[in-house]
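Student: Given next are the chains, with one letter for each unit.
There are 4 protein chains.
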Amino acid sequence: MRRLGVALLGAGRMGQLHAELLGALPEVRVVAVADPLRENAERGAFLARAEEIYLEPLEALDHPGVEAVVIVTPTPTHAALIREAARRRQAVFCEKPVALDLASTEAALKEVEAYGVPFQIGFQRRYDPGYAQAKALLEGGEIGRVDQFRAVSRDPAPPSLEYLKASGGIAVDMAIHDLDLARFLVGEVVEVQAWGAARVDPRIGALGDWDTVSLLLRFESGALGVVENSRRAVYGYDIRTEVFGEKGKLVVEALPKTPLYRYGPGEEVRLDHYRYFTDRFREAYRLELQAFARGVLEGRPLSPGPRDARESLRLALAATRSLREGRPVRVEEVA
Amino acid sequence: MRRLGVALLGAGRMGQLHAELLGALPEVRVVAVADPLRENAERGAFLARAEEIYLEPLEALDHPGVEAVVIVTPTPTHAALIREAARRRQAVFCEKPVALDLASTEAALKEVEAYGVPFQIGFQRRYDPGYAQAKALLEGGEIGRVDQFRAVSRDPAPPSLEYLKASGGIAVDMAIHDLDLARFLVGEVVEVQAWGAARVDPRIGALGDWDTVSLLLRFESGALGVVENSRRAVYGYDIRTEVFGEKGKLVVEALPKTPLYRYGPGEEVRLDHYRYFTDRFREAYRLELQAFARGVLEGRPLSPGPRDARESLRLALAATRSLREGRPVRVEEVA
Amino acid sequence: MRRLGVALLGAGRMGQLHAELLGALPEVRVVAVADPLRENAERGAFLARAEEIYLEPLEALDHPGVEAVVIVTPTPTHAALIREAARRRQAVFCEKPVALDLASTEAALKEVEAYGVPFQIGFQRRYDPGYAQAKALLEGGEIGRVDQFRAVSRDPAPPSLEYLKASGGIAVDMAIHDLDLARFLVGEVVEVQAWGAARVDPRIGALGDWDTVSLLLRFESGALGVVENSRRAVYGYDIRTEVFGEKGKLVVEALPKTPLYRYGPGEEVRLDHYRYFTDRFREAYRLELQAFARGVLEGRPLSPGPRDARESLRLALAATRSLREGRPVRVEEVA
Amino acid sequence: MRRLGVALLGAGRMGQLHAELLGALPEVRVVAVADPLRENAERGAFLARAEEIYLEPLEALDHPGVEAVVIVTPTPTHAALIREAARRRQAVFCEKPVALDLASTEAALKEVEAYGVPFQIGFQRRYDPGYAQAKALLEGGEIGRVDQFRAVSRDPAPPSLEYLKASGGIAVDMAIHDLDLARFLVGEVVEVQAWGAARVDPRIGALGDWDTVSLLLRFESGALGVVENSRRAVYGYDIRTEVFGEKGKLVVEALPKTPLYRYGPGEEVRLDHYRYFTDRFREAYRLELQAFARGVLEGRPLSPGPRDARESLRLALAATRSLREGRPVRVEEVA
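Chains as they are written, first to last, in this note's numbering: chain A, 1 to 335; chain B, 1001 to 1335; chain C, 2001 to 2335; chain D, 3001 to 3335.
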């Protein structure tokens, strides 16, 4: 009944969620929380029951009790922090993505592999009970050979233009979750065709980005897939995934959020719906951190690991190229 | 590919529904439609593709092509029309109930049995695909021994006070459908305890009737049941039935009516809901008439038959007595 | 309360469905049924309550009571029968498609337009209560500007190779229904990219056809769409359609077929599912024929009409070209 | 950002759940865990991150950091522990029930009130998001005057006969949760009629207990209610609650447990279902403890409190009397 000594790097909005979840895991002892804003660091430390706070992440890494780090800082800092942790032989959990380009991603992961430290990337959907059960059923042959895949994700509202400018574009920032699910549930993708538009806000188009995209995927296995994303769904967070095979179909969709049905005038029944990904995937965030902590404590391999961090990014970059060039793009073109 | 020659007696609101359904059954040739209002008779004949119209039901019975009658006239006329048809050796389909009291019911059914004419009573729910499949599963042992039964029915709005005065009370007019389902799905009931109130309209209470009732049932098998009714549900027609057994549970409930989900602002999903029993049970009404026609043409026994007409009424009368006297009533007390 | 005099041409499997539905419409008097197989013609006449049977469709057209024809013969005969009816000034309802190529389609429709006869094409989904309500809501602005569209259709099992050889290929035979829905619900499509595979049966690939296809659509409005089809879904008929807009989302999907929930051992709940399109769309078939009859009787314009017959085919042909050539195809290329 | 110092008394099966939940609440610092089995106490302390373990609950109460106690020990010890905590001016959270009889319950609660310590009873359903939202909607007038109430609860399997002997009978042990919901959502109950049977296991009947019960309730407001319970549902934990009013209906039921739909051969769709109450209500258990901690820290009144502990028990005892005597029982008879 040992607890893993963890440093939490980053205590902004997502960092506080991780702080609360880490603080609630019996397997974890958060020894340090780092955030440049003292208020964030203090709030994070309260939630995580952490012993020390730091304004500088590298100092937190040097705390002697740190066996593992959980990185929830802004994306541009990820690669360097991964390297620093790897050099200290600390296990690494990093929110996705490692970086917005393949070169930095590969450089950081090379170091992880060189030092042999355990590494897990934060594609949290893989730990959602619905997706995890779908994966188990697929591996058990429940629907046989997979022939088609569909995934849709829509956010309730677009992020700020500031955020978007640094996001790497909708494919790298948003579709990557659906592309990772495609890889998780069906296998590697060899070709992608993507069409996009700026429907929600013309300023997003002016950035050279898109807010509405639809993609065709061709899997190595010959299966076909489609992915759809939008930056705005007024009814809340919209996520549904379907895997169709020779012996059946699996659909992952949470509806409704609260187990309450309202019957009202006008022959109408109303349910409520998820508001956002932190709402829909709170349990998945908890489970991925628990899997990380248990995996490190027990010396078991972590998943999703470096390969997933790299290949899901490569696929997102191929989609971005297709969006720009208006033609089908082979994933291997992105190197 | 013979068609059964049918006289439709009664072409009011429910009669017109029957006219349209009979006119759509290839197994049926409606030779006569009777209604004291010429306009109703004409409309019914148009819908039923009938050859002749009558203002007087007995004249319709004398049409030489009549092999069977479908009785949708006001309740007080049912027993006499059943007798007249039986004497003419015509098969009888009668909308429920035969009569509001047991004596008239038994007298009419005795004649039916004496002449040996086929007889079917209009408990249409038994022909709804959901209930019919539930019955088949129960007979196949799907859930083993039944231990509990629940049925709820609520109408969208109370009928007129005129109607209510002649209705026999809520148990005989409304709960009887749930009580018949109880008998159909689980078996005979030996004891009932009913509590009632006039919540929707005090004038209903002033008639000595109730608009809101909840019942406990004890089945011969030892199983327990509950039934709930209300004369008003602002969200439309409300009907749900549950059968719980040692190996599982069956629930019959249609939701939504139209296969359309509306996702709107405010994280809300809306479905629509059935408006009324003619809406929810249109297909059941069609199927019960088809079963009647086919059964008569092929000489097969009809169901539900005289015993169901009598026993479901007896149970409703026992519930009425319990409502009045505030005590558990043995069904056998009603004779 | 006049009835429209109809000749039903074709009384095979689909013809018999139409016979039964026409026979059940009070607005219709089927005066003639034609089928080269006497047995089919007789069965169709029984179901439709038709007065005369013919082995030769042109003879049926000459029956003096024929005001309108319902064409359910094999596809290659459609265009000629449409022309013959048009020349006789008879209103025409034709099962889709008019023909497998654009030239024959346009030739037949030109004649329809020249004679000014009412014409309706059998895209029955438009009359399904779910799709019809979706259309009404879209026209009422329920979800504002449409941004994305998704449709999936999967048949329970592939038809015979004989059938497939003459089918025009999966896009013209199957995707056309989803493409027509796209046009119905969202508007005209200007570009399509389609990828296909033969996953279900390699013999389908050997015919130069596909059994599994996924399509990207670009609408004139700038909206994006995806369509997915498969020739085999072991769980039954699979159809789901989603329209996503700036103010909400509409989803049309019927689940379950029967209003019965089965709770069984192993913490499991089971529903049943539609078996095939005749099962899922029976009411739509009835409603489209009723709309046709009422429209002709009342002199109102019919829908979907010649333009829909032509444009939905053109779109399917564009998809076929994209499947063959592996590139995005502008719909206007198909002329 | 202060944490409430809590002693957890009892670390058996339910105690460990509370340990884990308390350990995950940032508002709480568990200073002591007590259980007569050292193994339980140690496991509980690990989960709760507690500082000290005790084999004797009274010693834990004497730990100087204890501001509040959470009592999850066996029922017969509750009343004495409540008193001891009250005397120490510690806030009390007690798993239901305080005691199996009204006299002991009232004695313990009198002391709580005398010392003015905050007290909360563990009717966790009140904190489930579905029930809590239903309550808020009811208070907001969403469905107007309530006319009917229905609640069903069924456990997956009966507890041991040992447990049952000391349980107080099915009404006090099991129906009490539904009766408390009735009071929470609708208001006080004045009369109850209960029928019961031993269907699942005759040995339960031999104990003078029942495993299958159905109840009628009459509320002070004139509304009617039904409650159904069974000790065994092979499909898992079964809980559904309906509140019907003049302006609508609210239904609380969680279906399915995991957001995964499985479409399989035979036109079948499968969902999964909750296994047990700890599964269905895990979040409610967390939220009730959070509400307790926050309420004590902020000096706000706790709910459900002493009155609910007493009145829901009184109602369960009235149901027990009705089960025994086979007659309607006025709740006020139980004193």
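Note that these hints are calculated values from the structure, not bench results. Don't take each hint at face value.
Stated by the list, open to error - Only pairs whose alpha carbons sit at most 27 Å apart, straight line, appear in this in silico BS3-like list of lysine-lysine: (1) Lys165(A) <-> Lys2247(C); (2) Lys2135(C) <-> Lys1257(B); (3) Lys135(A) <-> Lys257(A); (4) Lys2165(C) <-> Lys257(A); (5) Lys1257(B) <-> Lys1135(B); (6) Lys3247(D) <-> Lys247(A); (7) Lys135(A) <-> Lys96(A); (8) Lys3165(D) <-> Lys1247(B); (9) Lys3257(D) <-> Lys1165(B); (10) Lys257(A) <-> Lys2247(C); (11) Lys2135(C) <-> Lys1135(B); (12) Lys1257(B) <-> Lys257(A); (13) Lys3165(D) <-> Lys257(A); (14) Lys257(A) <-> Lys3110(D); (15) Lys3247(D) <-> Lys3135(D); (16) Lys3110(D) <-> Lys3096(D); (17) Lys1257(B) <-> Lys3096(D); (18) Lys1165(B) <-> Lys1247(B); (19) Lys2257(C) <-> Lys3257(D); (20) Lys3257(D) <-> Lys257(A); (21) Lys1096(B) <-> Lys1110(B); (22) Lys3135(D) <-> Lys3096(D); (23) Lys1257(B) <-> Lys3247(D); (24) Lys2257(C) <-> Lys1247(B); (25) Lys1096(B) <-> Lys1135(B); (26) Lys96(A) <-> Lys257(A); (27) Lys2247(C) <-> Lys1257(B); (28) Lys2110(C) <-> Lys247(A); (29) Lys1247(B) <-> Lys3135(D); (30) Lys247(A) <-> Lys2247(C); (31) Lys165(A) <-> Lys96(A); (32) Lys1257(B) <-> Lys2165(C); (33) Lys2096(C) <-> Lys2257(C); (34) Lys3257(D) <-> Lys135(A); (35) Lys2096(C) <-> Lys2165(C).
Stated by the list, open to error - Partial list, derived from the structure: chain C residues whose beta carbon lies under 8 Å from chain A: (36) Phe2046; (37) Arg2049; (38) Gln2193; (39) Leu2216; (40) Arg2218.
Ideal placement from N, C-alpha and C gives every residue a C-beta, glycine not left out.
Student: Does each hint hold? Answer for all of them.
Tutor: Evaluated hints:
1. This hinted pair checks out: lysine 165(A) and lysine 2247(C) have alpha carbons roughly 26 Å apart, not beyond 27 Å.
2. Between lysine 2135(C) and lysine 1257(B) the CA atoms are separated by roughly 17 Å; this keeps the pair inside 27 Å, and the hint holds.
3. With a CA separation close to 22 Å, the supplied pair lysine 135(A) and lysine 257(A) stays within the 27 Å bound.
4. Straight-line distance between C-alpha atoms of lysine 2165(C) and lysine 257(A) comes to about 48 Å, which puts the hinted pair past the 27 Å bound.
5. Among the hinted pairs, lysine 1257(B) with lysine 1135(B) is consistent with the structure: their alpha-carbon atoms are about 22 Å apart, no more than 27 Å.
6. Taken as a hint, the lysine 3247(D) and lysine 247(A) pair is broken in the structure, with Cα atoms around 46 Å apart against an allowance of 27 Å.
7. Note on lysine 135(A) and lysine 96(A): the hinted pairing holds, with a Cα-Cα distance of about 20 Å set against a maximum of 27 Å.
8. Annotation: proposed proximity of lysine 3165(D) to lysine 1247(B) holds, straight-line Cα distance about 26 Å (limit 27 Å).
9. As the CA atoms of lysine 3257(D) and lysine 1165(B) are separated by approximately 48 Å, the hinted pair breaks the 27 Å bound.
10. Of the pairs offered as hints, the one joining lysine 257(A) and lysine 2247(C) holds, with about 20 Å between alpha carbons and a cut-off of 27 Å not exceeded.
11. For a cut-off of 27 Å, the pair hint linking lysine 2135(C) to lysine 1135(B) is broken: about 38 Å separates their Cα positions.
12. Annotation: proposed proximity of lysine 1257(B) to lysine 257(A) holds, straight-line Cα distance about 22 Å (limit 27 Å).
13. Using a Cα cut-off of 27 Å, the hinted pair lysine 3165(D) and lysine 257(A) is violated, with the two alpha carbons roughly 39 Å apart.
14. About 41 Å separates the Cα atoms of lysine 257(A) and lysine 3110(D), which puts this hinted pair outside 27 Å; it is violated.
15. A hinted pair counts as satisfied when its Cα atoms are at most 27 Å apart, and lysine 3247(D) with lysine 3135(D) qualifies at roughly 15 Å.
16. Distance restraint check for lysine 3110(D) and lysine 3096(D): the Cα-Cα separation of roughly 17 Å lies within the 27 Å cut-off, and the hinted pair is therefore satisfied.
17. For a cut-off of 27 Å, the pair hint linking lysine 1257(B) to lysine 3096(D) is broken: about 41 Å separates their Cα positions.
18. In summary, the hint linking lysine 1165(B) to lysine 1247(B) is not supported, as the alpha carbons are separated by about 44 Å, beyond the 27 Å threshold.
19. A C-alpha spacing of about 22 Å is found between lysine 2257(C) and lysine 3257(D), which places the hinted pair at or below 27 Å, so the restraint holds.
20. For the hint linking lysine 3257(D) to lysine 257(A), the alpha-carbon distance of about 11 Å falls within 27 Å, and the restraint holds.
21. A distance of roughly 17 Å separates the Cα atoms of lysine 1096(B) and lysine 1110(B); the hinted pair therefore holds under the 27 Å criterion.
22. Taking the CA atoms of lysine 3135(D) and lysine 3096(D), the gap is near 20 Å; set against the 27 Å cutoff, the hint holds.
23. Under the criterion of a C-alpha separation no larger than 27 Å, the hint pairing lysine 1257(B) with lysine 3247(D) is consistent with the structure, at around 20 Å.
24. Distance check on the hinted pair: lysine 2257(C) and lysine 1247(B) sit about 23 Å apart at the alpha-carbon level, within 27 Å; holds.
25. Among the hinted pairs, lysine 1096(B) with lysine 1135(B) is consistent with the structure: their alpha-carbon atoms are about 20 Å apart, no more than 27 Å.
26. Straight-line distance between C-alpha atoms of lysine 96(A) and lysine 257(A) comes to about 25 Å, which keeps the hinted pair within the 27 Å bound.
27. Using a Cα cut-off of 27 Å, the hinted pair lysine 2247(C) and lysine 1257(B) holds, with the two alpha carbons roughly 23 Å apart.
28. Only pairs whose Cα atoms come within 27 Å are accepted, and lysine 2110(C) paired with lysine 247(A) is rejected, the gap being roughly 46 Å.
29. Note on lysine 1247(B) and lysine 3135(D): the hinted pairing is violated, with a Cα-Cα distance of about 33 Å set against a maximum of 27 Å.
30. A hinted pair counts as satisfied when its Cα atoms are at most 27 Å apart, and lysine 247(A) with lysine 2247(C) does not qualify at roughly 37 Å.
31. Taking the CA atoms of lysine 165(A) and lysine 96(A), the gap is near 17 Å; set against the 27 Å cutoff, the hint holds.
32. For the hint linking lysine 1257(B) to lysine 2165(C), the alpha-carbon distance of about 39 Å lies beyond 27 Å, and the restraint is violated.
33. A distance of roughly 25 Å separates the Cα atoms of lysine 2096(C) and lysine 2257(C); the hinted pair therefore holds under the 27 Å criterion.
34. Of the supplied pair hints, the one linking lysine 3257(D) and lysine 135(A) holds, its CA atoms being roughly 17 Å apart against a limit of 27 Å.
35. Under the criterion of a C-alpha separation no larger than 27 Å, the hint pairing lysine 2096(C) with lysine 2165(C) is consistent with the structure, at around 17 Å.
36. For phenylalanine 2046(C), the shortest C-beta to C-beta distance to chain A is roughly 38 Å, which exceeds 8 Å, and the interface hint is violated.
37. At about 35 Å, the closest approach between the beta carbon of arginine 2049(C) and any beta carbon in chain A exceeds 8 Å, and the interface hint on this residue is violated.
38. Evaluation of the glutamine 2193(C) hint against chain A yields a held restraint, the C-beta minimum of about 6 Å falling below 8 Å.
39. For leucine 2216(C), the interface hint holds, the least distance from its beta-carbon to any beta-carbon of chain A being 5 Å, beneath 8 Å.
40. Taking 8 Å as the C-beta cut-off, the interface hint given for arginine 2218(C) holds, the closest approach to chain A being about 6 Å.
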